[in-house]
Amino acid sequence: MALSTSRTLLRSFASLSPFARCSNSTSYGDSLWSSEPRAIFKALLQEWKLGFPSLSRALYCSTADFKKNELLELQEVEKVLSDVRADNVKVIPVQKHCAWADFMVIATGRSTWHVKNIAQALIYKVKQKQKGAQRLMLPSVEGQEGGKWIVIDSGKVVVHALDEKARDYYSLESLWTTGTSEKEPIQDLEKALVKIRRKNNSKKQAKKSA
Amino acid sequence: MAATFASKCSRVGRSLWGGLGNNLSGLLSASHETACNHFLSQQQRTFIQMRTVLKVVDNSGAKKVMCIQALKGKKGARLGDTIIASVKEAYPNGKVKKGKVVYGVVVRAAMQRGRCDGSEVKFDDNAVVLVDKQGQPIGTRVFGPVPHELRQKKHVKILSLAGHIA
Numbered sequence: 000m001a002l003s004t005s006r007t008l009l010r011s012f013a014s015l016s017p018f019a020r021c022s023n024s025t026s027y028g029d030s031l032w033s034s035e036p037r038a039i040f041k042a043l044l045q046e047w048k049l050g051f052p053s054l055s056r057a058l059y060c061s062t063a064d065f066k067k068n069e070l071l072e073l074q075e076v077e078k079v080l081s082d083v084r085a086d087n088v089k090v091i092p093v094q095k096h097c098a099w100a101d102f103m104v105i106a107t108g109r110s111t112w113h114v115k116n117i118a119q120a121l122i123y124k125v126k127q128k129q130k131g132a133q134r135l136m137l138p139s140v141e142g143q144e145g146g147k148w149i150v151i152d153s154g155k156v157v158v159h160a161l162d163e164k165a166r167d168y169y170s171l172e173s174l175w176t177t178g179t180s181e182k183e184p185i186q187d188l189e190k191a192l193v194k195i196r197r198k199n200n201s202k203k204q205a206k207k208s209a
Numbered sequence: 000m001a002a003t004f005a006s007k008c009s010r011v012g013r014s015l016w017g018g019l020g021n022n023l024s025g026l027l028s029a030s031h032e033t034a035c036n037h038f039l040s041q042q043q044r045t046f047i048q049m050r051t052v053l054k055v056v057d058n059s060g061a062k063k064v065m066c067i068q069a070l071k072g073k074k075g076a077r078l079g080d081t082i083i084a085s086v087k088e089a090y091p092n093g094k095v096k097k098g099k100v101v102y103g104v105v106v107r108a109a110m111q112r113g114r115c116d117g118s119e120v121k122f123d124d125n126a127v128v129l130v131d132k133q134g135q136p137i138g139t140r141v142f143g144p145v146p147h148e149l150r151q152k153k154h155v156k157i158l159s160l161a162g163h164i165a
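In order, the protein sequences belong to chains A and B. Here numbering that gives the first Met the number 0 is used: position 47 in the first sequence is 46, and no number is missing along the way. Here numbering that gives the first Met the number 0 is used: position 144 in the second sequence is 143, and no number is missing along the way.
FYI, nobody ran anything at the bench for these hints, they're computed from the structure. Just so you know, not all the hints are guaranteed correct.
Here chain B is said to cover these stretches of chain A; the calculated rule only asks that three of the stretch's residues, wherever they fall, bring their Cβ under 8 Å from a Cβ of chain B [what the hints assert, rightly or not]:
#1 92-103
#2 134-142
Derived lysine to any residue pairs resembling SDA-like cross-links, with alpha carbons at most 20 Å apart [unchecked claim]:
#3 B:152 to A:145
#4 B:62 to B:152
#5 A:147 to B:94
#6 B:132 to A:139
#7 B:99 to B:81
#8 A:147 to B:133
#9 B:152 to A:140
#10 A:115 to A:147
The model shown is predicted, which means the values in this text are computed figures rather than measured ones. Glycine included, each C-beta is placed from N, C-alpha and C at the ideal position.
The shape of chain A in the complex, shown without the other chains (with noise of 0.2 Å):
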């Protein structure tokens, strides 16, 4: 009986969601029975890491020695930080909950000009480590035309660069930190239904029924 609950659990590992289905689901569960369930799905899904372009040096990195080659380090991110004097930098570990990020580092510009400021003084970092390499390889870098949310994406480290106003209305900090499964909006919709009886304030005598 253990084992059947363990056989759907990884199943529905395997297959990634309940609403997802992999075409080769089934070879990856084969190779699931062995060890543990949970670490190697994680591996899994580290070498899914599409996108930036450090795909394979960060393979690499995780898995076999240590080379110190990535994109951007969390301390010299915190120094540029401080160097632009971002306001409110926030680094979150969202190693747990997260697979394709270990840092997620807030910072807030105090106006657009400023954010863009950010973007451009980490890019500039990125550009110095690599002088006199070959190829520059660049992290990539969303929301640089609008001013209000930038997302530098370099591998283990993302770094949201927000405004004051786009700070307050993403809030990401109650995101990550709470956890990955977000309860806010189903707990509005369970109030929402509640019948809630009227107040009555009418100065009116209640009638005795006699």
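Put chain B on the given structure of chain A with help from the hints.
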């Protein structure tokens, strides 16, 4: 974790245990499995094109949108692409109203999408997250699983707002 999945599944109208039970029974009876997985008996899923109705999975206020244009691709949009859509159904007090023309990023598609390691991923429904013209999400939270493909397509903002990443 199974409980939250079950609640999401019940909304779609399918039960998680029913789905897993199907998988298990498929494992046990080989003939039933081959009949189910025969490629001619399965539905061929295609692109998201004009008149496709998609579900909205953020808290921007819309419920259903209809695609009016796929921005990239002659045949239609796939997982991770941006579309222009018209809001067909919306919550009464939300940021977007019915009839508004919005941009959206497809986060779940019934059509399978190949990954670089050779596997394919497909979902049970078509879902979209509303964004503005610059790519900023209109809502503040994204529900349901989202795939990794968004990172490649430079939609890290949606990934960071999402709770579960497939």
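Results of checking the hints against the structure:
no.	hint	result
1	92-103	holds (count 4)
2	134-142	holds (count 3)
3	B:152 to A:145	18 Å, holds
4	B:62 to B:152	24 Å, violated
5	A:147 to B:94	18 Å, holds
6	B:132 to A:139	19 Å, holds
7	B:99 to B:81	16 Å, holds
8	A:147 to B:133	10 Å, holds
9	B:152 to A:140	11 Å, holds
10	A:115 to A:147	9 Å, holds
Checked against the numbered hints listed earlier, the structure breaks hint 4 alone; every other hint is satisfied.
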